[in-house]
Amino acid sequence: MQNLLKTSTGIKGLDEITHGGLPQGRATLICGSTGCGKTLLAMEFLVRGATQFNEPGVFMCFEEKSEELQQNFLSLGFDLNELVEKNLLTIDHVHLEPSEIEEAGEYDLEGLLIRLGYAIDSLGAKRVVLDTIEALFSGFSNENILRSELRRLFRFLKDKGVTAIVTGEQGERAFTRFGLEEYVADCVIFLNHTVYQQIATRRMRIVKYRGSAHGTNEYPFLIDQQGFSVMPISSLGLDHPASIERIPTGVPRLDTMLGSQGYYRGSSILITGTAGTGKSSLAAHFVNAACARGERCLYFAFEESQNQIIRNMHSIGIDLGQWVELGLLQFQNARATLYGLEMHLVVMHKAIDQFKPDCVVIDPISNLVAAASEIEAKSMLSRMIDYLKMKQITALCTDLTSTSGSSLERTEVNVSSLMDSWLLLQVLEGNGERNRGLYILKSRGMAHSNQVREFILSDEGIQLRDVYIGLGGVLTGSARDNQKAKDQAESLDCQQQIELRQREIERKKMAIEAQILALNTQFEAEKDDLIRLINKEKQRNDTLIMDRLTMAKLKQADKISDPLSPLKNTGRGF
Amino acid sequence: MSQDIDSPKPLTQSSTKAFENALLKIEHEHYVFRLFVAGMTPNSQRAVNNVQKICETHLQGRYELEIIDVYQQPIYAKQGQIVAAPTLVKELPLPLRRFIGDLSQTEHLLAGLEIIKKPHQPT
Numbered sequence: 001m002q003n004l005l006k007t008s009t010g011i012k013g014l015d016e017i018t019h020g021g022l023p024q025g026r027a028t029l030i031c032g033s034t035g036c037g038k039t040l041l042a043m044e045f046l047v048r049g050a051t052q053f054n055e056p057g058v059f060m061c062f063e064e065k066s067e068e069l070q071q072n073f074l075s076l077g078f079d080l081n082e083l084v085e086k087n088l089l090t091i092d093h094v095h096l097e098p099s100e101i102e103e104a105g106e107y108d109l110e111g112l113l114i115r116l117g118y119a120i121d122s123l124g125a126k127r128v129v130l131d132t133i134e135a136l137f138s139g140f141s142n143e144n145i146l147r148s149e150l151r152r153l154f155r156f157l158k159d160k161g162v163t164a165i166v167t168g169e170q171g172e173r174a175f176t177r178f179g180l181e182e183y184v185a186d187c188v189i190f191l192n193h194t195v196y197q198q199i200a201t202r203r204m205r206i207v208k209y210r211g212s213a214h215g216t217n218e219y220p221f222l223i224d225q226q227g228f229s230v231m232p233i234s235s236l237g238l239d240h241p242a243s244i245e246r247i248p249t250g251v252p253r254l255d256t257m258l259g260s261q262g263y264y265r266g267s268s269i270l271i272t273g274t275a276g277t278g279k280s281s282l283a284a285h286f287v288n289a290a291c292a293r294g295e296r297c298l299y300f301a302f303e304e305s306q307n308q309i310i311r312n313m314h315s316i317g318i319d320l321g322q323w324v325e326l327g328l329l330q331f332q333n334a335r336a337t338l339y340g341l342e343m344h345l346v347v348m349h350k351a352i353d354q355f356k357p358d359c360v361v362i363d364p365i366s367n368l369v370a371a372a373s374e375i376e377a378k379s380m381l382s383r384m385i386d387y388l389k390m391k392q393i394t395a396l397c398t399d400l401t402s403t404s405g406s407s408l409e410r411t412e413v414n415v416s417s418l419m420d421s422w423l424l425l426q427v428l429e430g431n432g433e434r435n436r437g438l439y440i441l442k443s444r445g446m447a448h449s450n451q452v453r454e455f456i457l458s459d460e461g462i463q464l465r466d467v468y469i470g471l472g473g474v475l476t477g478s479a480r481d482n483q484k485a486k487d488q489a490e491s492l493d494c495q496q497q498i499e500l501r502q503r504e505i506e507r508k509k510m511a512i513e514a515q516i517l518a519l520n521t522q523f524e525a526e527k528d529d530l531i532r533l534i535n536k537e538k539q540r541n542d543t544l545i546m547d548r549l550t551m552a553k554l555k556q557a558d559k560i561s562d563p564l565s566p567l568k569n570t571g572r573g574f
Numbered sequence: 001m002s003q004d005i006d007s008p009k010p011l012t013q014s015s016t017k018a019f020e021n022a023l024l025k026i027e028h029e030h031y032v033f034r035l036f037v038a039g040m041t042p043n044s045q046r047a048v049n050n051v052q053k054i055c056e057t058h059l060q061g062r063y064e065l066e067i068i069d070v071y072q073q074p075i076y077a078k079q080g081q082i083v084a085a086p087t088l089v090k091e092l093p094l095p096l097r098r099f100i101g102d103l104s105q106t107e108h109l110l111a112g113l114e115i116i117k118k119p120h121q122p123t
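In the order they appear, the protein sequences are chains A and B. If you read the first sequence in the numbering used here, its first letter stands for residue 1, the second for the next number, and so on. If you read the second sequence in the numbering used here, its first letter stands for residue 1, the second for the next number, and so on.
Take the hints with a grain of salt, since some may be wrong.
[What the hints assert, rightly or not] Cut-off 27 Å, straight-line C-alpha distance, at most; resulting in silico cross-link-like pairs (DSSO-like, lysine-lysine):
# : chain 1 : residue 1 : chain 2 : residue 2
1 : B       : K78       : A       : K86
2 : A       : K160      : B       : K78
3 : B       : K78       : A       : K158
To be clear, the hints were calculated from the coordinates, so they are not data collected in a lab.
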């Protein structure tokens, strides 16, 4: 069994949401209210068919004259005349003037079928548009005949094997005023033009596509100088590649904080902060660094004009103008309220597709809330970020946090969970001055510093300095310098005290040593005395013995008693 | 200046005259018809018969009738702005009128063609 054949429309995005195009050889109904772009979509289908696929087409219009159509489409860059001359297009204006027509008997719409058949056969047309066939209902009064003839017409188209588009005005309750969907049952596309808070957004939805899967959401579309573009953004999934390449942030110290290498390529970076904390400056550094590497950057600015940004960044020593001149940097400036969110998304998509940037800056995303509700803004941004990730484009978004809010660690549109890296710029107030502090709240997949850094905007750009973290809390600016001086004085004082104590100890030691010496001397002296006394006694004893012997000799004693015995006794007493 | 004041008078006179002339002319007007049919269907055949009958009865000698089969000459369908078939186009006298169908509703047709002045009287 062969799959349903499809005819590529060549319209950007439409082929994607229909998974290949409109059902081949069948009719597709495009309905919507006035001015929603039915005719344009139908005509672009033919023009693209003729120019891109070499498939001739027949445009049968019931409302506009062919000259009018030609003029209208020239403004969109479609030269219908040229296509007509090349036999790739036939425009047949079916003029129905109810006042001219009088019904007098039984009739059918064979004339229309013959015209159509003739136009198809003479070109070998593959594509047919009937715009708006409902005009027949105002031209003819007999609805029964009309309905049966319409049925015949669609059968005829099917037999001819042409891929047809039929347009229909939106009815009050049904998709079309006259119930055309009853006849065209293969594919129905509904165009919508809604205004929310004075901002109009065009959307498209495939109501029905018999025999084929299709995207079911309402897709925003854009009509501009290049015609129709549909953004199948909602269909993006979470299967984007993840690069391990790192790219510098443009601020060397910040690179250090982010594991010494900077952001991941293709990641999304969020910079939040209150007004005047330097979000745009940080973004400008990033852009500057990227352009200096030769990468292409696209800068979406919702608050400032291009010239204003360039001028302002000059004041911190960044020349963005040179990159614009080199064609590496492009600004897209638009007020957020200029058009609806979806339109912003579409415009951004288009710009990205055309410029093919490596890096994108959105400054600021918080402004987008002005164009729609928070939920819509979040969904839009998530789609934007998914798209950028898929394309491996590094996205840097700034977000203005309102000071009135409870916590600074929240984003205006609650997109922080979508972001890979989140830098918070905060004003550190105190001592009558405001200083900027930079934190890294998160950075997925890399080691990052948990320290707050003081963020200084100087003539040479952004500089990050360590803040004072001590007993006095976190100090920045002059308070930090103050505290440093105080610390130095304290430390000097301490040093001096230590030296003093050291000297004291030294002195004490010397005194003790002197005492020891004196005691030793005394001891030695006493010891000497004792030895002298012993020697003296010995001498006295010797002398005594000698004397006794001498005495005994003198007395001529017959027996000399042991002269030493009494002495021994006394000697023992020693 | 005096000419300007006088000028409306002859103009109204002439337009009234023209109207009177036109009324007179109706009976002598030359009619040019084209009948577009799509093949020889019963409708087509009835239409051809009906238009010929009417022309012969009411416009004898002062009409032209061309019958075109758009099957054979489909280019005429576009040129003649044909949607329904059969279609009878009254090209002259102006204004251009189209009558669709098998032209079986003769009174309706005659009134539309301004051949009979008071369409309500017969009915």
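**Message:** Output the indices of the hints that this structure fails to meet, ascending.
**Reply:** none
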